[in-house]
Amino acid sequence: MNIIEIKNLQFEYKEYDDAGEVTSTNPVLKGLDLTVPEGQFLAVLGHNGCGKSTLAKHLNGILTATGGTVTVNGMDASDENKLFDIRQTVGMVFQNPDNQLVATVVEEDVAFALENLGVPTEEIRKRVNGALRIVDMYEYREHSPHQLSGGQKQRVAIAGVLAMKPKCIVLDEPTAMLDPKGRAEVMETVKMLNEQGVTIVLITHYMDEACQADRVVVMDDGVIIMDDTPKKIFARVDELKAVSLDVPQVTELMYRLRKHGVGVPADVITEQECADELLKLPHLAKAGITKNAQTRAGSGGSYAAEVKHLTYKYSVGTPFEATAVDDVSVSIEKGQFVGVIGHTGSGKSTLIQHLNGLLKPTSGEILINGRNIWDKDTDIRAVRFMAGLVFQYSEYQLFEDTVYKDIAFGPKNMGLSEAETDARVREAAAAMGLDDELLERSPFDLSGGQKRRAALAGVIAMKPEILILDEPAAGLDPKGRDTVLDEISEYHRNSGTTILLVSHSMEDIVKYAEKILVMNRGRLFCYEDTDTVFSRTRELKQIGLGIPQISRLSHLLKAGGMDIGDDIYTIDRAEERILEILKTNA
Amino acid sequence: MLNDITIGQFFPGNSVIHRMDSRFKIVLEILIVVILFVAQNFWGLGISCAFILMIYAASGISFRLMLKSLKPVLPIIIFTAVLNLLFVKGTDAPLVSFWVINIYEKGIITSAFMLLRIVVLRIAMSLLTYTTSPIVLTDAIESLMKPLKKVKFPVHELAMMMTIALRFIPTLIEETNKIMMAQKARGASLDTGGLIKRARAMVPILIPLFISAFKRANELATAMECRCYRGGEGRTKLRVLKATRLDLYGTGLTLCVLGIVIINNIVFG
Ligand SMILES: Nc1ncnc2c1ncn2[C@@H]1O[C@H](COP(=O)(O)OP(=O)(O)O)[C@@H](O)[C@H]1O
Ligand SMILES: [Mg+2]
Chain V
2 MNIIEIKNLQ
12 FEYKEYDDAG
22 EVTSTNPVLK
32 GLDLTVPEGQ
42 FLAVLGHNGC
52 GKSTLAKHLN
62 GILTATGGTV
72 TVNGMDASDE
82 NKLFDIRQTV
92 GMVFQNPDNQ
102 LVATVVEEDV
112 AFALENLGVP
122 TEEIRKRVNG
132 ALRIVDMYEY
142 REHSPHQLSG
152 GQKQRVAIAG
162 VLAMKPKCIV
172 LDEPTAMLDP
182 KGRAEVMETV
192 KMLNEQGVTI
202 VLITHYMDEA
212 CQADRVVVMD
222 DGVIIMDDTP
232 KKIFARVDEL
242 KAVSLDVPQV
252 TELMYRLRKH
262 GVGVPADVIT
272 EQECADELLK
282 LPHLAKAGIT
292 KNAQTRAGSG
302 GSYAAEVKHL
312 TYKYSVGTPF
322 EATAVDDVSV
332 SIEKGQFVGV
342 IGHTGSGKST
352 LIQHLNGLLK
362 PTSGEILING
372 RNIWDKDTDI
382 RAVRFMAGLV
392 FQYSEYQLFE
402 DTVYKDIAFG
412 PKNMGLSEAE
422 TDARVREAAA
432 AMGLDDELLE
442 RSPFDLSGGQ
452 KRRAALAGVI
462 AMKPEILILD
472 EPAAGLDPKG
482 RDTVLDEISE
492 YHRNSGTTIL
502 LVSHSMEDIV
512 KYAEKILVMN
522 RGRLFCYEDT
532 DTVFSRTREL
542 KQIGLGIPQI
552 SRLSHLLKAG
562 GMDIGDDIYT
572 IDRAEERILE
582 ILKTNA
Chain C
26 MLNDITIGQF
36 FPGNSVIHRM
46 DSRFKIVLEI
56 LIVVILFVAQ
66 NFWGLGISCA
76 FILMIYAASG
86 ISFRLMLKSL
96 KPVLPIIIFT
106 AVLNLLFVKG
116 TDAPLVSFWV
126 INIYEKGIIT
136 SAFMLLRIVV
146 LRIAMSLLTY
156 TTSPIVLTDA
166 IESLMKPLKK
176 VKFPVHELAM
186 MMTIALRFIP
196 TLIEETNKIM
206 MAQKARGASL
216 DTGGLIKRAR
226 AMVPILIPLF
236 ISAFKRANEL
246 ATAMECRCYR
256 GGEGRTKLRV
266 LKATRLDLYG
276 TGLTLCVLGI
286 VIINNIVFG
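As they're listed, the protein sequences go chains V and C. Everything in the first sequence is counted per the working numbering, starting at 2 for the first residue and increasing by one. Everything in the second sequence is counted per the working numbering, starting at 26 for the first residue and increasing by one.
Mixed in with the good hints there might be a few duds.
To be verified - With a straight-line Cα cutoff of 30 Å, these simulated DSSO-like cross-link-like pairs (lysine-lysine) come out:
1) K127(V) / K203(C)
2) K262(C) / K168(V)
3) K192(V) / K58(V)
4) K203(C) / K512(V)
Source of the hints: derived by calculation from the structure; they are not laboratory data. In this text the structure is predicted, and so the values were computed from the model without any measurement.
Kindly generate the complete structure, drawing on both the sequences and the hints.
Shown next as structure tokens:
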């Protein structure tokens, strides 16, 4: 039995003028076909703007097709009379955990749908408790949503849908705004529900999540272009790259090895499969792995930022007093690209907000360029221009009517001349890959990735000596993420600016950073070059940090007798080492 | 900081007062205000005062919190007391007299009376919010206003709006904080300069805040639709307000106090 049957689905967004006349149409879905059998776990991939969310909104009658048919559990989705049956059959969970919880108490929120449906009170109570137990949030039933973590909020949102006893749940990028722990919680819940027979449609930008599905469909420009099992889909690396998508690290490795003529299969998505395949190759002779002696250019001993015994307590003198940063001392060399990692609540944000004087230390000192920023004669605004801080989801800070004016906001605040401001705006925009013609557009007309880069340009235009970026790639699609991070890295190379990149993604950090600063429970866990940090992977795992798939592969290989080194954290290096080993054994 | 603002200061508990039906609590609260205004002398006020302190004791809310509730209204309390002290004229000679100020015995008495009345009033009001969660309060208001539906008053919509507002206030406060920090990091100076300059400095905060609020509202509306929201028609509730014997006792007791205060007025004039 098919729970969802879509035939030749077409949809266009229409814009109306004040008189109600259609001024423009934007065709988004262009004849899409899809059937989902009951009980399947389907992942939907596709770059931003290809129509995934639009498709999702057709599955429970939020939008109605302009052409074609959508059938849900035998009901026509455009049938007004069946609307509430359809919405009970297909539940929806959205990306932003904050914007889908209605009530101020968890259990009230879970009850919301049932209250709307007029279910009797005793039955509501029973179902609410049941749903909360399934997502493991029963203990939190009397909490208010703002006391919960992102992952917990998403689980409450899932419970709110579960209470309707749906046959199918559609999740539209449910993990995009979560940290790794929250993502894992949500994925675990989703898989468990699927095991209990609920059909899952998961829209995601995370390839590791798609790998866990029974089936993957890839969307591009309003139609489905690929439809197969995850293994088969990811084996088609070239096609995926052509539509701005990504593949798991080990798949990419196999793809590259195959290009070098190594006889390995392409359809490999887990590190275990990959290790098994690689260990079949002749590798027994122990390759003489010489560690790449990677000494970075010395920084001449001068520091961009020095943190001395920094301690910061929130809400001092109240019962909520909490130490966010505890006696941290660290010196960041000039020109360094530093990755900052640590789980949520480990004190990363508090630490970086001290570097440009947004927070004042409870005790300890902050020196920027050798100057104590809290000296009486230091102007704190000047410090903010020296240490530029870009917040998470920085596009929310855009407010001017053109991109140009928005980027100019910082330089203007610095009191720079018109000419200097103009030069800087253009320079910063170019550095972030924004064309000149975009500068006169409204920032709100840009795509998600472009908005993010415009916000970054707004800080870069101040030419800070240190650029601190809090999760600059969060919530973007794979292409958007790579573009932002590549532009930042290029800016680093060209300008020599010291960069602090805060991220939850170890993959992103190791790809760009020269040194890694690890925070754990308000303390500095370590600040070392990447190789040294990776020689301590066991400790990293202990403090709950994920390590890249490619590193996990190297550990499996080592256990199987193929030692490619302990310093593997990029695909490039893994590829190089494996080829080296294969050559010596040829 | 903005974070310290708490909306509807509710202190969960399981006392008799906490367990009372919130609709009764609202009505009895109004009754208590009536009692306080009916009381015309210190005896009457003293009795109502003792009654309220008794409720406080029963609610298990700490004495410190009770005093804390007075803090925001302190200026009003002092203002009223001083006003009465200075301007109430007695018939006998003033007790104190200097420059244009004359203080009479009657002034002192009236001032003390008003002071006590406002203090008790405030304490009584805080009892309601201390022992009732905002959401239950919303439910109670919706339930009490139900008769107004007959005259097409949007009772359910109003209650829904209150709920959503309560839900999003902490989120928006947090968001305002973040945007302020982000603009400060771009060199915006928010707390220096004259009034106009400061007002202008709010633009980079308010525009992003509005845009984000609209986006949230949009997404929330979709999420509500997905969960079959269709207005107040035929809606049931997870939590049903139920009157118990406790509420009857409470009402009886309050009415008794009102009776005593009225009799006291008649007897002592
Ligand atoms: N409410 C809307 N009004 C007008 N256009 C929209 C609306 N929502 C999405 N679009 C447009 O539809 C296209 C597809 O968007 P969407 O379905 O959100 O894609 P995805 O979820 O894959 O990122 C985009 O070009 C987007 O600009
Ligand atoms: Mg989308």
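*Take the C-alpha atoms of K127(V) and K203(C), compute the straight-line distance between them, and say whether it is at most 30 Å.*
violated (39 Å)
*Is K262(C) within 30 Å of K168(V), Cα to Cα?*
holds (24 Å)
*Distance restraint between K192(V) and K58(V), which requires alpha-carbon spacing of 30 Å or less*: holds (22 Å)
*Taken at face value, is the distance from the CA of K512(V) to the CA of K203(C) at most 30 Å?*
Between K203(C) and K512(V) the Cα gap is close to 29 Å, so the pair holds against 30 Å.
Checked against the numbered hints listed earlier, the structure breaks hint 1 alone; every other hint is satisfied.
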